[in-house]
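Chemist: Sequence:
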Amino acid sequence: MRVAACAVGQASAALFARSAQGRTAAELEGTLAELRAWLGKTGDEPAWPGIAALAPALDHPGRHEAILLPWRAALDALCNAGARG
Numbered sequence: 001m002r003v004a005a006c007a008v009g010q011a012s013a014a015l016f017a018r019s020a021q022g023r024t025a026a027e028l029e030g031t032l033a034e035l036r037a038w039l040g041k042t043g044d045e046p047a048w049p050g051i052a053a054l055a056p057a058l059d060h061p062g063r064h065e066a067i068l069l070p071w072r073a074a075l076d077a078l079c080n081a082g083a084r085g
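Numbering-wise (this note's numbering), the sequence shown opens with residue 1 and increments by one.
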């Protein structure tokens, strides 16, 4: 994984990479939905190891996309891999 992002994006990518191996696309989609709700303050903190480290970014909406990016990128990659067969 090669990351070119702000500090929040780098932290999110590191947390994602640390615990993503062996997860299914459905699990990643579920966590992405939980992250969106958490960031939007309509849901609880996701059950992803270490995610609490990103809590200081909750009050900074400009950083939310950086937090979501690793999950979105992984899901895009999985979808593209499946399309290639």
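To be clear, the hints were calculated from the coordinates, so they are not data collected in a lab.
The beta carbon of each residue, even a glycine, is placed where N, CA and C say it ideally should be.
Each hint should be verified, as a subset may be incorrect.
To be verified - Ranges of calculated distance between the beta carbons of each label pair, as one might list FRET restraints:
{"id": "1", "residue 1": "Thr42", "residue 2": "Ala77", "range": "16 to 22 angstroms"}
{"id": "2", "residue 1": "Thr24", "residue 2": "Leu68", "range": "14 to 20 angstroms"}
{"id": "3", "residue 1": "His60", "residue 2": "Thr24", "range": "29 to 35 angstroms"}
{"id": "4", "residue 1": "Ala26", "residue 2": "Asp59", "range": "29 to 35 angstroms"}
Chemist: Now look at each hint and say whether the structure bears it out.
Modeler: Results of checking the hints against the structure:
no. : hint                              : result
1   : Thr42 - Ala77: 16 to 22 angstroms : violated, 27 angstroms
2   : Thr24 - Leu68: 14 to 20 angstroms : holds, 18 angstroms
3   : His60 - Thr24: 29 to 35 angstroms : holds, 30 angstroms
4   : Ala26 - Asp59: 29 to 35 angstroms : holds, 30 angstroms
Checked against the numbered hints above, the structure breaks only hint 1 and satisfies the rest.
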